[in-house]
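Chain A: place on chain X using the hints.
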Amino acid sequence: MPGRAQGRDNDRVSAPAAVRAAPPRASRRPERGLLGGVAAGIAAHLGIPVRTVRIAFALLVLAGGLGAALYGAYWIVLPVAPDSPPLPSRRRVKDAAAVVLAVMAVGALAQATPSGALFVPIVLGCVGGALIWRQASDPQRDRLRRLSRTSLLASGSDREGQLRLAAGAALVIAGAVLVLARANITAVRDGIVALVVSAGGLALLTGPWWMRLVSQLSEERAERIRSQERAELAAHLHDSVLQTLALIQRNAELPREVARLARGQERELRTLLYGTRTAGDSVADDLRAAAAEVEDAYAVSVDVVVVGDAPSDPGLGALVAAAREAMVNAAKHSGAGEISVYAEAEEDAVTAFVRDRGIGFDPDTAAGDRQGVRGSIIGRMDRHGGTARIVSGAGRGTEIELRMPR
Amino acid sequence: MTRVFLVDDHAMFRAGVRAELGGRVDVVGEAGAPAEAVSGIRATRPDVVLLDVHMPEGGGLAVLQALGDDLADTRVLALSVSDAAEDVIALIRAGARGYVTKTISAAELVDAIRRVADGDAVFSPRLAGFVLDAFRDAPTVPSGDPDLDQLTPREREVMRLLARGYTYREIAGELFISVKTVETHASNVLRKLQLSSRHQLTRWAADRRML
Numbered sequence: 001m002p003g004r005a006q007g008r009d010n011d012r013v014s015a016p017a018a019v020r021a022a023p024p025r026a027s028r029r030p031e032r033g034l035l036g037g038v039a040a041g042i043a044a045h046l047g048i049p050v051r052t053v054r055i056a057f058a059l060l061v062l063a064g065g066l067g068a069a070l071y072g073a074y075w076i077v078l079p080v081a082p083d084s085p086p087l088p089s090r091r092r093v094k095d096a097a098a099v100v101l102a103v104m105a106v107g108a109l110a111q112a113t114p115s116g117a118l119f120v121p122i123v124l125g126c127v128g129g130a131l132i133w134r135q136a137s138d139p140q141r142d143r144l145r146r147l148s149r150t151s152l153l154a155s156g157s158d159r160e161g162q163l164r165l166a167a168g169a170a171l172v173i174a175g176a177v178l179v180l181a182r183a184n185i186t187a188v189r190d191g192i193v194a195l196v197v198s199a200g201g202l203a204l205l206t207g208p209w210w211m212r213l214v215s216q217l218s219e220e221r222a223e224r225i226r227s228q229e230r231a232e233l234a235a236h237l238h239d240s241v242l243q244t245l246a247l248i249q250r251n252a253e254l255p256r257e258v259a260r261l262a263r264g265q266e267r268e269l270r271t272l273l274y275g276t277r278t279a280g281d282s283v284a285d286d287l288r289a290a291a292a293e294v295e296d297a298y299a300v301s302v303d304v305v306v307v308g309d310a311p312s313d314p315g316l317g318a319l320v321a322a323a324r325e326a327m328v329n330a331a332k333h334s335g336a337g338e339i340s341v342y343a344e345a346e347e348d349a350v351t352a353f354v355r356d357r358g359i360g361f362d363p364d365t366a367a368g369d370r371q372g373v374r375g376s377i378i379g380r381m382d383r384h385g386g387t388a389r390i391v392s393g394a395g396r397g398t399e400i401e402l403r404m405p406r
Numbered sequence: 001m002t003r004v005f006l007v008d009d010h011a012m013f014r015a016g017v018r019a020e021l022g023g024r025v026d027v028v029g030e031a032g033a034p035a036e037a038v039s040g041i042r043a044t045r046p047d048v049v050l051l052d053v054h055m056p057e058g059g060g061l062a063v064l065q066a067l068g069d070d071l072a073d074t075r076v077l078a079l080s081v082s083d084a085a086e087d088v089i090a091l092i093r094a095g096a097r098g099y100v101t102k103t104i105s106a107a108e109l110v111d112a113i114r115r116v117a118d119g120d121a122v123f124s125p126r127l128a129g130f131v132l133d134a135f136r137d138a139p140t141v142p143s144g145d146p147d148l149d150q151l152t153p154r155e156r157e158v159m160r161l162l163a164r165g166y167t168y169r170e171i172a173g174e175l176f177i178s179v180k181t182v183e184t185h186a187s188n189v190l191r192k193l194q195l196s197s198r199h200q201l202t203r204w205a206a207d208r209r210m211l
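Residue numbers (the numbering used here), protein chains in the order written: chain X, 1 to 406; chain A, 1 to 211.
So here's chain X without its partners, still in its complex pose (with noise of 0.2 angstroms):
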């Protein structure tokens, strides 16, 4: 979006005037003014003598009344000067006269003056645009001084700026040369060509503008999607992470139980802040939820590691499966409350370890509730073409080994 690379460019351009300090402003004071001040005002930031300027807004005034439309422009844009007193109520109303009585000038200059089509169109433009300073907020403000200053002094990267300077130029030009050949150009041309060289100066005083309505709508567009993440982070946190807390002080007598909610919601947040990754993609993503779904169920802990990775196949899936039973068993039979998962894909098999360090059994003898080895581990990795191999004994843990060539 050009408005956006635009603004970037201008608050590059910015950043050391920034630290500078201010230079001085020029401002109005009307204590110390005929009128508005504002020659009072022009001559103090100037420094040269009131008399002068003055003089020179009057000679303006006589080259067709351009003086009045400029001592109006600064009027508006002008601010008070600060340690301005407040004028009393009755200068006020000699103020609004004068202001009257200018406008009534200036219209009876422009019936007189024969460049009068051309002038009416200028005062409004000068108007308007001293309006549309006035207008706009401090930083909006600085914002077009910083405009028009990257146009003036535009370096060679700031093409933009080279432009509308260019721009402006043709335009100041085209008028000029407009006025000179007045004579010769019928009525009905030079009022369309003076509408199109008001509304291109009006362009270009207010581009800069326009364009930071611009830049602002996608600013703020930005910014609401910010806040509506920041949103959706809070209504997470407060959903998951302060439940949590509540429930771990509820069940703060329940070491295992404790320890069960903090690992599921230190699961969930990982998964929020690096992203979700979700099972069916590999083994080490399945195992990593198989373990996910355990700690959760049986309220143990389970360390998973994995060592290379594999894409999802009906051998790998029986893996995945055979291991849960196996978390599943030391979980519910063993009795530790720490269980260790490691897998590692190589290039012809990919292995598995389920270990605990419980009470163990005989793999031999085991029967009823064991019997799930069997069935779910050992006969789902040989319908797969897999192995299984079970180490334990009682007192020594278990360790379940599960091997699926690829």
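These are computed hints drawn from the structure, not numbers from a lab.
Just so we're clear, the structure is a prediction, and the values are computed from it rather than from any experiment.
Positions of the beta carbon are idealized from the N, C-alpha and C atoms, including for glycine.
Each statement offered as a hint is correct.
A short list of chain X residues far from chain A (calculated; beta carbon distances all over 10 angstroms):
(1) GLY33
(2) ARG54
(3) ALA63
(4) LEU101
(5) ALA199
(6) GLU232
(7) SER376
As a list, the in silico EDC-like pairs of lysine to aspartate or glutamate whose alpha-carbon atoms are at most 16 angstroms apart:
(8) LYS180/A <-> ASP118/A
(9) LYS102/A <-> ASP9/A
(10) LYS102/A <-> ASP87/A
(11) LYS102/A <-> ASP303/X
(12) LYS332/X <-> GLU257/X
(13) LYS102/A <-> GLU266/X
Distance windows between CB atoms, simulated:
(14) LEU175/A <-> ALA234/X: 47 to 57 angstroms
(15) LEU217/X <-> GLU36/A: 39 to 49 angstroms
(16) ARG230/X <-> ASP118/A: 44 to 54 angstroms
(17) ALA297/X <-> LEU175/A: 31 to 41 angstroms
(18) LYS102/A <-> VAL391/X: 26 to 36 angstroms
(19) GLU36/A <-> HIS45/X: 52 to 62 angstroms
Chain A in isolation, oriented as in the chain X frame:
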């Protein structure tokens, strides 16, 4: 008694560890920020620094880098809630003698501290898994010392058993070797992890950022 210095930006965690370790090791000092930690460690000269990986102002890595080779007798055990391989590997390569997660039990932590104090390496199952993963493939660009670029079959076996959750003692029993030999293998692997110039190590760690 082993003299331990605690570095972690969470005061609550420091207090918890201090209470857990109480009586079994001598906690000589603690710090909540890298700069404070460096001066504290220089002043107290502990045997072991328990160093949090994630802290403001550069984290544990900043402490290790600031200490440099100053304190040859002080060993560092990294402690982290993070499983991010690149963080762990960075600390190991900067000189930490081992890495454990903050969920470790008090007894295991004391054991790990003693082991590090004795000059041995401490591998969590996850770190062992990282090592196996990192040294898995043959190096595409051999470095000056090819021995550093791969694990011996025996080291690989030791790492596998560590990843499966075996203790050094259990590994010794499984492989019919002495615990001292297991420790030697672990230390050698740590040295390779620190000195190997395999470029994959870094890339591999970055790839596994989200483990």
